[in-house]
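Working from the sequences, and respecting the hints, build out all of it.
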Amino acid sequence: MNPFTVLDGLVAPLDRANVDTDAIIPKQFLKSIKRSGFGPNAFDEWRYLDVGQPGQDNSKRPLNPDFVLNQPRYQGAQILLTRDNFGCGSSREHAPWALEDYGFRVLIGPSFADIFFNNSFKNGLLPIQLGADEVDELFRQCAANEAYRLKVDLAAQTITRPDGKVIAFDIDAFRKECLLNGWDDIGLTLRHADKIRAFEAQRRAEHPYYFA
Amino acid sequence: MEAQTLYEKLWSSHVVHQEADGTALIYIDRHLVHEVTSPQAFEGLKLAGRKPWRVSSIVATADHNTPTDHWDQGIQDPVSRQQVETLDANIREVGSLAYFPFKDERQGIVHVIGPENGATLPGMTVVCGDSHTSTHGAFGCLAHGIGTSEVEHVLATQCLLQKKSKTMLIKVDGELGRGVTAKDIVLAIIGRIGTAGGTGYAVEFGGSAIRALSMEGRMTICNMAIEAGARAGMVGVDETTIAYLKGKPFAPAGEHWDKAVAYWRTLKSDEGARFDKVVELDAAAIQPQVTWGTSPEMVVTVNDRVPDPAQQSDPVRREGMERALKYMGLEANTPMTDIRVDQVFIGSCTNSRIEDLREAAAVAKGRKKADNVRRVLVVPGSGLVKRQAEAEGLHEVFLAAGFEWREPGCSMCLAMNADRLEPGERCASTSNRNFEGRQGAGGRTHLVSPAMAAAAAVAGHFVDVRTLG
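Protein chains in written order, with the numbering used here: chain E, 1 to 212; chain S, 1 to 469.
In short, the hints are calculated from the structure, not lab data.
Hints may be right or wrong, so weigh each one.
[What the hints assert, rightly or not] Only some residues are given here: those of chain S computed to face chain E with a beta carbon under 7 Å:
| # | residue |
| --- | --- |
| 1 | Gln-18 |
| 2 | Thr-148 |
| 3 | His-153 |
| 4 | Ala-196 |
| 5 | Gly-272 |
| 6 | Val-279 |
| 7 | Glu-280 |
| 8 | Asp-282 |
| 9 | Gly-320 |
These numbers were taken from a predicted model, which means no experiment stands behind them.
Built from N, CA and C at the ideal position, the CB exists for glycine as well.
Here is the structure:
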C-alpha cells in the first residue's frame, strides 16, 4: 500500500446522499479477477450514456455531460466531497479500488458506511468524517470557486481551506499509523502469530466442535 | 459479574490481542468464500508467499455468477466462467472444510448453504466477502461482511482487525398480523431508522415477535441489518435455534452436541444488559411493505401512496426523493397498488429458503401470472432447498401459475448472471437492494416479501396480499 502523508489536491463535489457501491462500480465489472483497472468504470452508469461492459474501450464511450465528474473543472480531482452514508450496500472492495484507480486519495463527508470505510483504509484511500455544517461549507466553497483545492495533512490531522481556515479531523491512531507508513496489515498481524496460535489452541480445547 | 449483551459475549470470547486505541485482533471461526470477492485475496496470498492459516475454517461455493437455467451448457459468459474456475482452482490448491462448486447438489447462495449444512454455529465468528454475511447472526454468532483485503487477512492470519461496535437492541413485541412476514418487519425497521441508522452498531433483534419467528424468518431479518447500516445483526440462541441445528451435517453430534448446546444456551443478552440504543416496534402495527425508491429506507405500506418530495423540508433528502422518483418512473401520490410490474423475482439470500417458497406458493396456488407480467423467476437458495421444495410439490404450483422454476444462485438479486431487468422494467423483488441499476442497468426494483411478490405476479400490480383471501 502507498503511504499517505500530505495531499494538496483538487476537489470535486458529489452532492447526493446514500451513494452505494453498486453506483460506484456496477456488478458487471466485478467479474474481473484483478485488483486494478477499475477507474475508467467508476460511477459507470452516471458517467456514460451507454451501458458499460467489461473489456470495452472506455475512451470511445459517450460521456454524460450532466454528471459532475465529467465537467472540465473537476478533471484531475483527488479529493471527493460526499454526503451522508457514502459507500453503503455491497462490501465489494472494487469500490475503493475504482475510486483510487480514478485518482482519488481523500473522501470527505458527514458519514460513511462501515464496510466501505474499512476497505478504503486498506487501499491508501483516506475517508474523513466531518460535521454536516463543515461539509456543507466545503460544498459551497467548492461550487463558488474554480480550481478549489484543499490541503490534507494526515500526521497533523488537519484540512486547510484556501481561505486559511484549518479543520481538524479524527482518525483511529492505529489506522493513522498504518496509512502514514503504508504498512501491510497482514505483516503487522503476523507479529502476533504466537498469540493467535495460543488462542486457537485454547479455543480448540474448550470448544472442539468449532474445529471439526 | 455485570450483565452482558450477546454482542459483548461474542466479542470478548474472540479477542486475541488489543492495541492501545482499542483496535483488536478478533479470531475467526468460519470463513465463507465465494467466487467474486476471493480471487484477488488468493492471489495476494500467493504473491506474498503465505499459506492459509486454517483451511478447515473455509466453506466455499460458487453463487454470484452461476446461471439458473441450462446447466447442461455450463457457464456461457467467459468472464463469469473464468471467475468460477478461478475459485475451483484456488480451493483445489489450498483445501477447505467443504466446497460446493457449480452444479454440486449442495451448491447454493453462500448465506443459505452455511446454515443449512450446520457450518454456521452459535458462538462463532463468521465472515465472508459479502455484506449479507449478517444473515448468520440469526444463530447467535458474530457475523459480518468484509472486503477482499480482509478476506486475504483472514486467510493468512485467521484473524480480523476490528474496533468494538456500539450496541443497539431492536425490540419487536406483539403478534404479527396475517400475511405479514419477517421481510415486512425488517423493511419497517429500515423505514424507521434509515439506511444509516445502524452505522457503527452491532444490532440485536429481540422481543416476542422475533422469538416467534422460525430460523428462516430470523435469517431474513439479520440479512438486512446491513441495509440499516449495521455490519452485524444477531438474535439470541433459544430452542428454535437448537432444534434447527440438530442433525445438520457439520453440526456437532453425540457428546460434543451436549457440550455445545450447554454453551449455546448462554448466548443471549443477560437480563438487565445495557444497550447504547434501543428501538421498539409494535409487531401488530406492521403492514405489508413495498419500497418505492432507490434506497431500502424509501419504503411505505402497500396501502400507502408514493410520497411527495414537496412535503420534505430537508433539501438533500428532497433532492434524493426527486431523483429516486425520476429513476423509478413514478409520480408522487400514486397509490402503490396502481403500480404495475413487468417482472417478479422470488429468491436471494434474503428470501430463497424453503419457508419463503412455501409462502409464495400458498399465494400462487390455483392462480395464474397476470398477462402484463413478462416473467416470474423463482430461484431457490440452494440445491437442498430446491429438492425440498420439489418434494413438497411447490415447483408444480409455480409452474402451473406460469412462473419459472430455476436452478439455485444469487440470480437477479444483483444480476451478475444472465437474469436481469431490461432498462425501464419494473420488478417486484424479494431481494434486499433497490439501488439504481442493481437488477440490471435502468431496471426499477421494489422490495417486498415472498407472499407480496407472488401476489404482484398474479395481480399484475402491487396488491395487499391479505385481500387475495
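Here's how the hints hold up against the structure:
1. Gln-18: violated, 10 Å
2. Thr-148: The hint holds - Thr-148 (chain S) has a Cβ within 7 Å of chain E, the shortest such distance being about 4 Å.
3. His-153: Check passed: Cβ of His-153 (chain S) comes within 5 Å of chain E, closer than 7 Å.
4. Ala-196: holds, 4 Å
5. Gly-272: violated, 26 Å
6. Val-279: violated, 18 Å
7. Glu-280: At 23 Å from the nearest chain E Cβ, Glu-280 (chain S) fails the 7 Å test, so the hint is violated.
8. Asp-282: Violated - the Cβ of Asp-282 (chain S) stays beyond 7 Å from chain E, reaching only about 27 Å at its closest.
9. Gly-320: With a closest approach of 5 Å, the Gly-320 (chain S) hint holds.
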